[in-house]
Amino acid sequence: MTEDAILPPKARPAGFLRAPLGLGLMLGLFSLVAALMLAFANDLTRAPIAARHAEDLLAALAQVVPADLHDNDLAADIRTVEDAVEGAVPIHVAARDGAVSGVAFELTGYGYSGAIRVLMGVAPDGTLLGVRVLSHAETPGLGDKIEVAKGEWILGFAGRSLTDPAPEGWKVRRDGGVFDQFAGATITPRAVVGTVHRGLTLFRRHRDALLAPMPPKS
Numbered sequence: 001m002t003e004d005a006i007l008p009p010k011a012r013p014a015g016f017l018r019a020p021l022g023l024g025l026m027l028g029l030f031s032l033v034a035a036l037m038l039a040f041a042n043d044l045t046r047a048p049i050a051a052r053h054a055e056d057l058l059a060a061l062a063q064v065v066p067a068d069l070h071d072n073d074l075a076a077d078i079r080t081v082e083d084a085v086e087g088a089v090p091i092h093v094a095a096r097d098g099a100v101s102g103v104a105f106e107l108t109g110y111g112y113s114g115a116i117r118v119l120m121g122v123a124p125d126g127t128l129l130g131v132r133v134l135s136h137a138e139t140p141g142l143g144d145k146i147e148v149a150k151g152e153w154i155l156g157f158a159g160r161s162l163t164d165p166a167p168e169g170w171k172v173r174r175d176g177g178v179f180d181q182f183a184g185a186t187i188t189p190r191a192v193v194g195t196v197h198r199g200l201t202l203f204r205r206h207r208d209a210l211l212a213p214m215p216p217k218s
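In terms of this note's numbering, the sequence shown has 52 at position 52, counting the first letter as 1, and numbering is strictly consecutive.
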């Protein structure tokens, strides 16, 4: 005797639910409900996440462009340059009374463990105002010394330019340059030095366009 045969009629599963079509419809219903819940959660968190990103951007920009150099909104005033080497690069423009007093932008280099996002501020004369690493995946205790929270190495770029040091000096000491490397981690600082140098050459290529006066606010 089968199990169904001994169940009372009301305890037996409905034939529709046991059929492939019924099971498929139930699975589809569950998937729809889950998708709606995820979409609702995404809508609830989108605004707070965007606000946090804006706060992080402003904090990072403030570290590479001193506040006393501008009276505009660095996060909002952006010029995009189309560069033959780097592609399209958004440039945050610092200005005081409409005159450009500096720019800040991000480039990506590649270290031992992957991408290193580098933010740099540059004065109109091509001098670095500051450099910060926004994100990386380098080895803790070795490559992570590129973070300002882990050491002062990154602060050594302030005041540098394409002529200070000379072109051959834009390397780590192991390669004949002037920038220190880390014990057991040469690839990481080498990547940052190269990225910053790329940024300065990008600024030089587009200097005239980037230093054009800002249009008056309406």
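In short, the hints are calculated from the structure, not lab data.
None of the values given here were measured: they were computed from a predicted structure.
Glycine is no exception: its CB is placed at the ideal position from the N, C-alpha and C atoms.
There may be inaccurate statements among the hints.
Ranges of calculated distance between the beta carbons of each label pair, as one might list FRET restraints [to be verified]:
| # | residue 1 | residue 2 | range |
| --- | --- | --- | --- |
| 1 | Leu32 | Thr201 | 21 to 27 Å |
| 2 | Ala137 | Pro213 | 17 to 23 Å |
| 3 | Ala59 | Ala209 | 23 to 29 Å |
| 4 | Arg96 | Ala209 | 14 to 20 Å |
| 5 | Ser31 | Ala209 | 46 to 52 Å |
| 6 | Arg205 | Arg96 | 23 to 29 Å |
| 7 | Gly98 | Ala158 | 41 to 47 Å |
| 8 | Asp180 | Leu27 | 55 to 61 Å |
The hint says 23 to 29 Å between Ala59 and Ala209; measuring C-beta to C-beta, is that right? With a Cβ separation near 27 Å, Ala59 and Ala209 satisfy 23 to 29 Å, so the hint holds.
Against the range 21 to 27 Å, how does the distance between the Cβ atoms of Leu32 and Thr201 compare: consistent or not? violated, 53 Å
Mind checking the hinted window 23 to 29 Å against the Cβ distance between Arg205 and Arg96? holds, 24 Å
Range first: 46 to 52 Å. Now tell me if the beta carbons of Ser31 and Ala209 are that far apart. holds, 51 Å
14 to 20 Å was suggested as the range; check whether the CB atoms of Arg96 and Ala209 agree with it. holds, 19 Å
Range hint 55 to 61 Å: satisfied by the CB atoms of Asp180 and Leu27? For Asp180 and Leu27 the Cβ distance comes to about 59 Å; the hint holds.
Starting from the range 41 to 47 Å, see whether the pair Gly98 and Ala158 falls in it by beta-carbon distance. Violated: the Cβ-Cβ distance is about 26 Å, outside 41 to 47 Å.
Do Ala137 and Pro213 keep their Cβ atoms within the hinted range of 17 to 23 Å? Cβ of Ala137 to Cβ of Pro213: about 40 Å, so the range 17 to 23 Å is violated.
In summary, the structure is inconsistent with hints 1, 2, 7 from the numbered list given earlier, while agreeing with the others.
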